[in-house]
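Sequence lines, in order, name chains A and B. Just so you know, the first sequence maps onto residues 1 to 786 in the numbering used here. Just so you know, the second sequence maps onto residues 1 to 435 in the numbering used here.
Mixed in with the good hints, there may be bad ones.
[Said to hold, decoys possible] Below are the SDA-like pairs computed for lysine to any residue, each with C-alpha atoms no more than 25 Å apart in a straight line:
#, chain 1, residue 1, chain 2, residue 2
1, A, Lys758, B, Asn194
2, A, Lys724, A, Lys747
3, A, Lys749, B, Asn194
4, A, Lys728, B, Asp102
5, A, Lys758, B, Thr188
6, B, Lys391, B, Asn294
7, A, Lys65, A, Glu115
8, A, Lys752, B, Ala98
9, A, Lys65, B, Lys299
10, B, Lys376, A, Leu748
11, A, Lys728, A, Thr709
12, A, Lys749, B, Gln374
13, B, Lys391, A, His613
14, B, Lys281, B, Ile46
15, A, Lys626, A, Thr730
16, A, Lys638, A, Glu569
17, A, Lys728, A, Gly711
18, A, Lys8, A, Phe22
19, A, Lys752, B, Ala192
Everything labelled a hint here was simulated from the structure, so no lab data went into it.
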Amino acid sequence: MEVPENGKSASLRHAFGNVFCFFILLLIGVLAFSIRLFSVIKYESVIHEFDPYFNYRVTQYLTKKGIYEFWNWFDDRTWYPLGRVIGGTVYPGLTLTAGSIWRLLNSLNIPLSVETVCVFTAPIFSAIAAWATYLLTKEVKGTGAGLTAAALLAMVPSYISRSVAGSYDNEAVAIFALIFTFYLYVKTLNTGSLFYATLNALSYFYMVCSWGGYTFIINLIPMHVLLCIVTGRYSPRLYIAYAPLVVLGTLLASLVPVVGFNAVMTSEHFASFLVFIIIHVVAFVYYIKGLLSPKMFKVAVALVVSVGMVVCCAVVAVLVALVASSPTKGWSGRSLSLLDPTYASKYIPIIASVSEHQPPTWPSYFMDINVLAFLVPAGIIACFLPLSDASSFVVLYIVTSVYFSGVMVRLMLVLAPAACIMSGIALSEAFDVLTRSVKFQLPGVSGNSQSGAGDTTSRTVDTQSDMVKTEKEPPTDRTEDTTKERTSKKKKKKEKEHVEKPSLKSQIQKRLLVLPLEASVIALLLLVLLGGVYVIHCVWAAAEAYSAPSIVLTSHSHDGLHVFDDFREAYAWLRHNTEVDDKVASWWDYGYQTTAMANRTVIVDNNTWNNTHIATVGTAMSSPEKAAWEIFNSLDVKYVLVVFGGLVGYPSDDINKFLWMVRIGGGVFPHIKEPDYLRDGQYRIDSQATPTMLNCLMYKLAYYRFVETDGKGFDRVRRTEIGKKHFKLTHFEEVFTTHHWMMRIYKLKPPKNRIRGKAKKSKSSSKGSTAASLKQSGRRKRNPWH
Amino acid sequence: MAKFLFFITFVSLLPLFGSSFSSENPTDRRILVLLDDFAIKSSHSIFFKTLQTRGFELDFKLADDPKLTLQRYGQYLYDGLIIFSPTIERFGGSLDLAAVLDFVDSGHDLIVAADASASDLIRDIATECGVEFDEDPTAVVIDHTSYAVSETEGDHTLIAGDDFIQSDVILGRKIIETPVLFQGVGHTLNPANNLVLKVLSASPSAYSANPKSKLSTPPSLTGSTISLVSVVQARNNARVLISGSLSLFSNRFLRSGVQKAGSSIKFEKSGNELFVTELSKWIFHERGHLKAVNVRHHKVGESDEPAIYRINDDLEYSVEVYEWSGSSWEPYTADDVQVQFYMMSPYVLKTLSTDGKGRYFTTFKVPDVYGVFQFKVEYQRLGYTSLSLSKQIPVRPFKHNEYERFITTAFPYYGASFSTMAGFFIFTMVYLYNK
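Throw the hints in and build the complete structure from the sequences for me.
So, in structure tokens, the structure goes:
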């Protein structure tokens, strides 16, 4: 009959579709890479923010000293005098990745600097992440959904915010690893192949190497397995997908120094072991069920259940006792704050003080995932039609990640791929239905529609490719659509005749799904418009919102563009004007940058592993000058660095972070009390501020000589005049202030060479005053160390 | 000019002395003497003579000399300063209170002698150094029990002091047996001030008041809290002598005999000469000046200094300490030099043993704690310049391949894993091929 012919054309279309699909993916990769280059084009090719500087420094060390030295690296330039075992406390995935890329390029005689490689690692991996999304979504809902999801992920703002060029952070590679692990899990689930199961464990290993967020995987997958078992979807494929992952994955995870025995010791991993036991029990039950007759099986079940209950109770009791014996119930603070969002703010100010650990606001959802937020519910519905193992997994993924993103802004990043997958599915399904109904009602294509049932995939490819194109160039495609619309209007009459013609059963079934032509065309238009809006928003977000490197700031005003390069100015000053072994104290935010850019030893840095040490610095900053000097002197500090935004209106300066210093310091040293720094519960630095506030070191270092700038001391961040304008420093001296006063560096004065006697009480006034003035002028000049 | 060697202490980092920097010879050479009038030059000639015979170049100037200056082109012209002008209200030239204090703060030595008529300027210099003269400008020290017997009965303001500081370093090995004559104002020291030392204290019966008027209120300064002569060793090891009496140094007191009230012994010669000579030796760093060199540390059995230690390493620490004898560096011998292995608090505190040739050494085990440690020697002994050495050295944990590969206690685990592997292999064989 027509089968060979059809088959031939189908395979041809199939091949064509594959080639097409390949090129679309290539373009998606290019899109994902190039949309992240705004930061390089608008600013320069530099490492951004804070953590990336640490990663960059570690990568430099790796490329210079090799992997074994890196593994055993004891860094004596941070956390002075404690030092930090970097090799054992860092997630090495990102560093090793960039280091390998650098080595590979160098071996190919492409002499790129380490910095360049680090800058472009994130964009490269976001392209790969887009491809991984394609693979995952394809496993769930077919190629069309995959391509849509990949295109959406390539430019989702939430992910862009963490992976612009220069944002050299763990998340950059971890998101790829996350998606790819999920893909391999779903792939194993669909195929039951042990090969993919092994790959899955390896991919999980890479994820563990890269990011602490791996606990999300090791909890989500057991949850899904449990879901499958409970809903009666147990199959050998599920067993193959899960059991090797737990065994191999845990073994591999414990090889990563930073995880080590945590892989079997902490509560984050218990769920996987519990489910591991359950799945074995279930597998055993299924096996027995196959062996025994139904009657015997019932007897066996009764026996096993009664014995099993007793054993389970005992095991649970032991476990509960073990877990309860540890004060935090075996959970790390960060994980606990996931389960109980108020935990951190109640008990751990150091976690709560980080802005990315705050719960997000509603606008941030719209900012970060934009229209995807509206498409996700549709995607969930689509996943239930029909519900497969794979689609139930992505549903579970989106549900959990929505919850977690509601706890911490940072975890919006985990939500983004899920939202992209869901929206990809939703868009793809919608286009599928709409284009099918359009196609069905057009007489010109009726011939094809007979074979249409067989190759939905290739058709979706076409529509998807359209979709992708529309997303890239909304205007041109819109015109195409309007022409389509026009033709469809012309042929409206013919359609009605045409609709009655088909007599095949499948077509009748299909007719039930067919929407009216006008409705579907308008819906198509609206969807395209939605896509257009999304693209515009993403490009705007990439270009304006998320590409600032935060070490160089710019501002537009009526007299043009202003560039604030104060951070690098200050770090360069430190690098060139201080001794190599000098210690620089600052709030921990600037620790990584100081070690990486100024190459000076710091007391605390962004790796907040020692709360007491940070509290010591916080206490010093909140103490009066003399007490602070003593604290800093006991830590061998030579220079103190503060960030001050009051002159140019840079809001994230140390004065605004100061309450956290007080809280963190007060958490360890109770003589620092937060209410002392607040006037009626209000944080203020104007004349109404408390004396404690006006006399603390942070206030003094920030506002020293500030009144000389405008004569009034008007703070442009707090929008008020400062409370105490004229004061002198006795134990610190200003050594450097950057051009816009954003960074101020002070030096600790050495102890006085002599100890003065008490000032004389009775003295003839005229002589006294001359002597006093002499003394003052003398004191200003007198400093034997300088 | 460059031939002259500047005094400098070895621990103080004073980069501002460019070419003429020398820590090899800490003794002063050029001394400026400020006088109220040149009569003092002759009335105190014995004291000046002893200095000159010891090799000091004295430059006598009137305290109100309009060309007075301590430094030229940023270089100090003198290594020491003697102010024998108790009445001066304003120095001449560029010299003022601040300049004098700068002089001290840059490591130079100072002798200040006050008098009953001491001016505010002199009092301010003393106060800045931590010595407080009696606020009453007319008060002098009076002692009705340990005064020096003289022909006329007098008002008991000439005191025979014999309450010396117990320090061989400051006053020399030869014990001063004869009392020292003193006539002038008393001062007190802040007990919290650990830089100032009483060299000559008043007796418990002394008090400070105006001898000419009747006491209406109890005197503010009484007893042995009154110090007659004090020395200050600043943190940069500059030394300052403050005496309440200018005549302490005078020929008259140096030559006169002394008989303490209530004592039958009459000494032919007072102790003043010995006292001021020995004290000036200390002040001008002819004695009691230590230096530490060749701080070395290495693992036991090696000789090179490592950049980093590992926890539980055995290491050897050594330092050489020398004392300046006035002409050469002699090995310093003591049994109380200690080294700390310090990270926020001392983890190891060991007394160093010495070989008598100035080398101090010890061995110890690095504690089982990693971090950035310091070898610290804080040696502060009465009269000696303070030694404060610190050398930073990081201590790292074990590397991954420095642990034992196989430990005995873990053999059950090795056995378990290997037997499981073997069992699994056999099971697989049986399962696959034994149908």
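A quick look at each hint next to the structure:
The hinted pair formed by Lys758/A and Asn194/B meets the criterion: a straight-line CA distance of about 14 Å does not exceed 25 Å. The straight-line distance between the Cα atoms of Lys724/A and Lys747/A is roughly 22 Å, inside the 25 Å bound, and the hint therefore holds. The suggested pairing of Lys749/A with Asn194/B holds, with an alpha-carbon distance near 20 Å, which does not exceed 25 Å. A threshold of 25 Å between alpha carbons decides the hint, and for Lys728/A with Asp102/B the separation of about 21 Å falls inside it, so the pair holds.
Taking the CA atoms of Lys758/A and Thr188/B, the gap is near 10 Å; set against the 25 Å cutoff, the hint holds. For the hint pairing Lys391/B with Asn294/B, the CA-to-CA distance comes to about 12 Å; that is within 25 Å, so the pair holds. Restraint check for Lys65/A and Glu115/A: satisfied, since their Cα atoms lie roughly 16 Å apart, inside the 25 Å limit. Of the supplied pair hints, the one linking Lys752/A and Ala98/B holds, its CA atoms being roughly 15 Å apart against a limit of 25 Å.
Taken as a hint, the Lys65/A and Lys299/B pair is honoured in the structure, with Cα atoms around 24 Å apart against an allowance of 25 Å. Annotation: proposed proximity of Lys376/B to Leu748/A holds, straight-line Cα distance about 21 Å (limit 25 Å). The straight-line distance between the Cα atoms of Lys728/A and Thr709/A is roughly 16 Å, inside the 25 Å bound, and the hint therefore holds. Between the alpha carbons of Lys749/A and Gln374/B the distance comes to roughly 21 Å, so the proposed pair stays at or under 25 Å and holds.
A threshold of 25 Å between alpha carbons decides the hint, and for Lys391/B with His613/A the separation of about 22 Å falls inside it, so the pair holds. Of the pairs offered as hints, the one joining Lys281/B and Ile46/B holds, with about 15 Å between alpha carbons and a cut-off of 25 Å not exceeded. Only pairs whose Cα atoms come within 25 Å are accepted, and Lys626/A paired with Thr730/A is accepted, the gap being roughly 8 Å. About 19 Å separates the Cα atoms of Lys638/A and Glu569/A, which keeps this hinted pair within 25 Å; it holds.
In summary, the hint linking Lys728/A to Gly711/A is supported, as the alpha carbons are separated by about 16 Å, within the 25 Å threshold. Annotation: proposed proximity of Lys8/A to Phe22/A holds, straight-line Cα distance about 21 Å (limit 25 Å). Using a Cα cut-off of 25 Å, the hinted pair Lys752/A and Ala192/B holds, with the two alpha carbons roughly 14 Å apart.
This entry satisfies every hint, going by the numbered hints stated previously.
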